[in-house]
Every structure is written in C-alpha cells, then in structure tokens.
Amino acid sequence: METGAREINRSGLIITCVAALAAVLSGCSKGPASAAQAYVDDLKLYNYPACYDLLSQQDKIDRTLDQFLTAIPLVPPVSRDWFKAVVGATKFTVGSTRKLGTDKAIVEVRVVRPDLPLWERTIDAEAGPNQDPGSLAQKSLTDGTFPKLVYDDDIVLVKQPTGWKIFVDFPAKDEIYKEHAEAVKVYHKHDYDKAIALYQQILQNLDKEQATGNEGLKFVYRHELDDIQNVKGQVDQAKAYIANLKLADVDMKMAASGVPAIFGTITNGGDKAVDEVVCTVSYYEGKGKRRKMVYSEDHTIIATPLEFIDFDRPVLPFIPGETRKFGFKLNAPVQIQQKSTPDLEVTGVVFTQSRAPLPKAQASPAASASPVAAASPAASPSAPKPHP
Numbered sequence: 028m029e030t031g032a033r034e035i036n037r038s039g040l041i042i043t044c045v046a047a048l049a050a051v052l053s054g055c056s057k058g059p060a061s062a063a064q065a066y067v068d069d070l071k072l073y074n075y076p077a078c079y080d081l082l083s084q085q086d087k088i089d090r091t092l093d094q095f096l097t098a099i100p101l102v103p104p105v106s107r108d109w110f111k112a113v114v115g116a117t118k119f120t121v122g123s124t125r126k127l128g129t130d131k132a133i134v135e136v137r138v139v140r141p142d143l144p145l146w147e148r149t150i151d152a153e154a155g156p157n158q159d160p161g162s163l164a165q166k167s168l169t170d171g172t173f174p175k176l177v178y179d180d181d182i183v184l185v186k187q188p189t190g191w192k193i194f195v196d197f198p199a200k201d202e203i204y205k206e207h208a209e210a211v212k213v214y215h216k217h218d219y220d221k222a223i224a225l226y227q228q229i230l231q232n233l234d235k236e237q238a239t240g241n242e243g244l245k246f247v248y249r250h251e252l253d254d255i256q257n258v259k260g261q262v263d264q265a266k267a268y269i270a271n272l273k274l275a276d277v278d279m280k281m282a283a284s285g286v287p288a289i290f291g292t293i294t295n296g297g298d299k300a301v302d303e304v305v306c307t308v309s310y311y312e313g314k315g316k317r318r319k320m321v322y323s324e325d326h327t328i329i330a331t332p333l334e335f336i337d338f339d340r341p342v343l344p345f346i347p348g349e350t351r352k353f354g355f356k357l358n359a360p361v362q363i364q365q366k367s368t369p370d371l372e373v374t375g376v377v378f379t380q381s382r383a384p385l386p387k388a389q390a391s392p393a394a395s396a397s398p399v400a401a402a403s404p405a406a407s408p409s410a411p412k413p414h415p
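In my numbering, the protein residues as written are 28 to 415.
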C-alpha cells in the first residue's frame, strides 16, 4: 500500500509538472501578433508594468520601469496631466505581421489619436474669456469631437527565450528627440534652411533602424517639415506683410529686475493670421550723414508654439484686427545703450499654417508673458522710435 501511495503521488507530480511546462510553452509559443496585441491591450488598460514586461531584455537594461513611464512607446509626448486622457482617446488596431528571418518581426498598427497641436489650437480658439480650455478639452475627448490624426505605426518584436518581445531602442530614440528639439529651436530662430536640413536628417536616422514607434514619429515629423517648408516658401509674402503690423506706445523702461526693456503694442492691420513676429532694435550714433548703426538685436515678440504644450498657456495666432502688448529686455552693452539712439522696427513675420479655426478678436490688448507685467514706472533712457 505504501508503495502504491508513493507511485500515485509521483504520478500526480508528473502530471502537475507537465501541465506547468505546457503553460510555459504556451506562453513562449505566442506569435508576434499576439505579443503586439497584448501590449496595446495593456496600454489601453493603463497596465504600464505589464507593458514594461513585454519589452526586450536590452530595452529593460536601457530603461527602468520609472524611466519607461516618462516615454511609453506608441504614445505621443504629453504631460502626466493629459497622458491617461490621451491614451483613453487613442485607438490601436493591430494589423498584418511581417517576419524578418526567424527572430524578428514587424506588426503594423493603425493609430487613431488626437491631433494634439490642432486640438490645442482649436480648443483655445473656441474658449471664451470665462471658459476653462482644460474643461473644454476634456469634454471633447469624452465626446470624441477632437480632431483626429490617423497613421500606420509599427511594433517591432524580437524573439527571445521568454517569447516575442517588443524592441524600442531607447538610446536611439533619445537621440532623435534631442535632434528634433534642436530642429524646432532652429525653426523658431527662422533659419529655415537649417531647420529643414535637420528634419531631413532626423527622417534619415529613423530609417536606419526598424524599431517600435519609428513610423509614427516619421509621420508626425514629416507634417512639421511640410509646414516649415511652406513657411520658407512664404518668406517674400511675409516681408511684404510687415507693413500691415503697426507699433504704438513704444517706450523704454526699467524692468523689475533693473534691466532696461522696451514695451509697446502691436496691431495686425492686415488680413492674415500670424504665428510669429520678430522686432529688431537698431542703435545709432551721430546725426545726418554721420549717423551710423553701431549695434542691433532681434527679439521675437509673438511666438506661437509649433508643438502641443499641454494647454500650459493659450496657443493663439495673432489675428487680423488684434492688438497685443509686448515687452522685452535689452541685451546691448550698457555703453551702447547710454551713447546711442535705439530704433524699433518689425523685421520678421511667420504666417499661421494650422487648420484650426481662428479665435475671435478680443476687445482689449492681450496680456503678455513678457517683462510688461513686471515693468517699473521708474525713469528710463529715451524711448526708441517705432519704425513706420
């Protein structure tokens, strides 16, 4: 009897082991499409640790879970305040699978998500003076009335001992994000040729490797590149439009920090919406034929973001008929400011490229985030003359 009991227990143990092994083999035998589907399902359920567990071993070495939460693949860069809402409004549809040999595969994913820059501009344009853009934005996500961006992305997987795992290559992504930040910075400096070259280089770098999310980044960056190329093509029109922008109430005062600054208002007297306005302060010495410029400095007095900024501030173009206040600190050496006469003129304009509806003109000049708010009524050097 004792022997029989031992044999029965041994048989039960064998059955248990076989069942456990079958479960493990079943997990390992899941194909790349199943792994990709599991990732997007976990993402939609906000199960971020499960998403992290589906990463390749190298990606886990490159990123801790906490670091992964700051840049989750397939999700656009948004702040924590908007991350969950944007993921909830995004639809992922797993498509066909293409195998590259025996240990690598690409699974197509159709992504339908909020067009973040267009969404932000649309909400800000529709919000009245007493409405909270954040509440309107949340309602649009709930109702599904937000503008949508539709594109095909890729989930790239590699076969490892534990099954098919998602390959991201975070270090390469970090370099892409740095390059993109630099390209946007150069664009806002109005060096369009350099910005275009940087964007083209980014697209080439994304093509060097097959990694999760690269196709989606290429789609977004191509759209930004198209806008910048349009801006470059409108340079001559923009120069001609400068005559429609009128400076008024220009004065030089000391800012609260004790640094000389220029303040005033600008009115858009034309018929086009403007995203950026650049002014140049030119310093002159002498009179008559001996009058010469000894120094100049440029300041962007209106700058509308190219990207989504999480509703941190209103993203509104400078529309026809609108008047805005502006202010900026001067950078010229003290000796030049003391000995020369400054002139102020508008020297650069960027037309709005967005398809968002234009906001309604406000009755009074919009407040500025510049030194205007911190200006001191203290006496100051002579005011610059607005250039006609």
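The hints are simulated quantities; they were obtained by calculation from the structure and are not laboratory data.
Ideal placement from N, C-alpha and C gives every residue a C-beta, glycine not left out.
Where hints are given, some of them may not hold.
Think about it this way: if two alpha-carbon atoms lie no more than 20 angstroms apart in a straight line, the pair counts; the simulated DMTMM-like pairs of lysine to aspartate or glutamate are [unchecked claim]:
(1) K280 with E206
(2) K235 with D254
(3) K71 with E206
(4) K266 with E206
Computed beta-carbon distance windows for the label pairs [what the hints assert, rightly or not]:
(5) K314 with L163: 50 to 58 angstroms
(6) T169 with K387: 20 to 28 angstroms
(7) K266 with K57: 40 to 48 angstroms
(8) E236 with P156: 47 to 55 angstroms
Each hint, compared with the structure:
For the hint linking K280 to E206, the alpha-carbon distance of about 38 angstroms lies beyond 20 angstroms, and the restraint is violated. Proposed proximity of K235 and D254 is contradicted: the alpha carbons are some 24 angstroms apart, above 20 angstroms. A threshold of 20 angstroms between alpha carbons decides the hint, and for K71 with E206 the separation of about 29 angstroms lies outside it, so the pair is violated. Between the alpha carbons of K266 and E206 the distance comes to roughly 29 angstroms, so the proposed pair goes past 20 angstroms and is violated.
Checking the proposed 50 to 58 angstroms range against K314 and L163 shows it holds: the Cβ atoms sit about 56 angstroms from each other. Remark: the range hint 20 to 28 angstroms for T169 to K387 is upheld by a beta-carbon distance near 25 angstroms. In this structure the hint that K266 and K57 lie 40 to 48 angstroms apart at CB is violated, the actual value being about 60 angstroms. Range check, E236 to P156: about 49 angstroms between beta-carbon atoms, so the 47 to 55 angstroms window is met.
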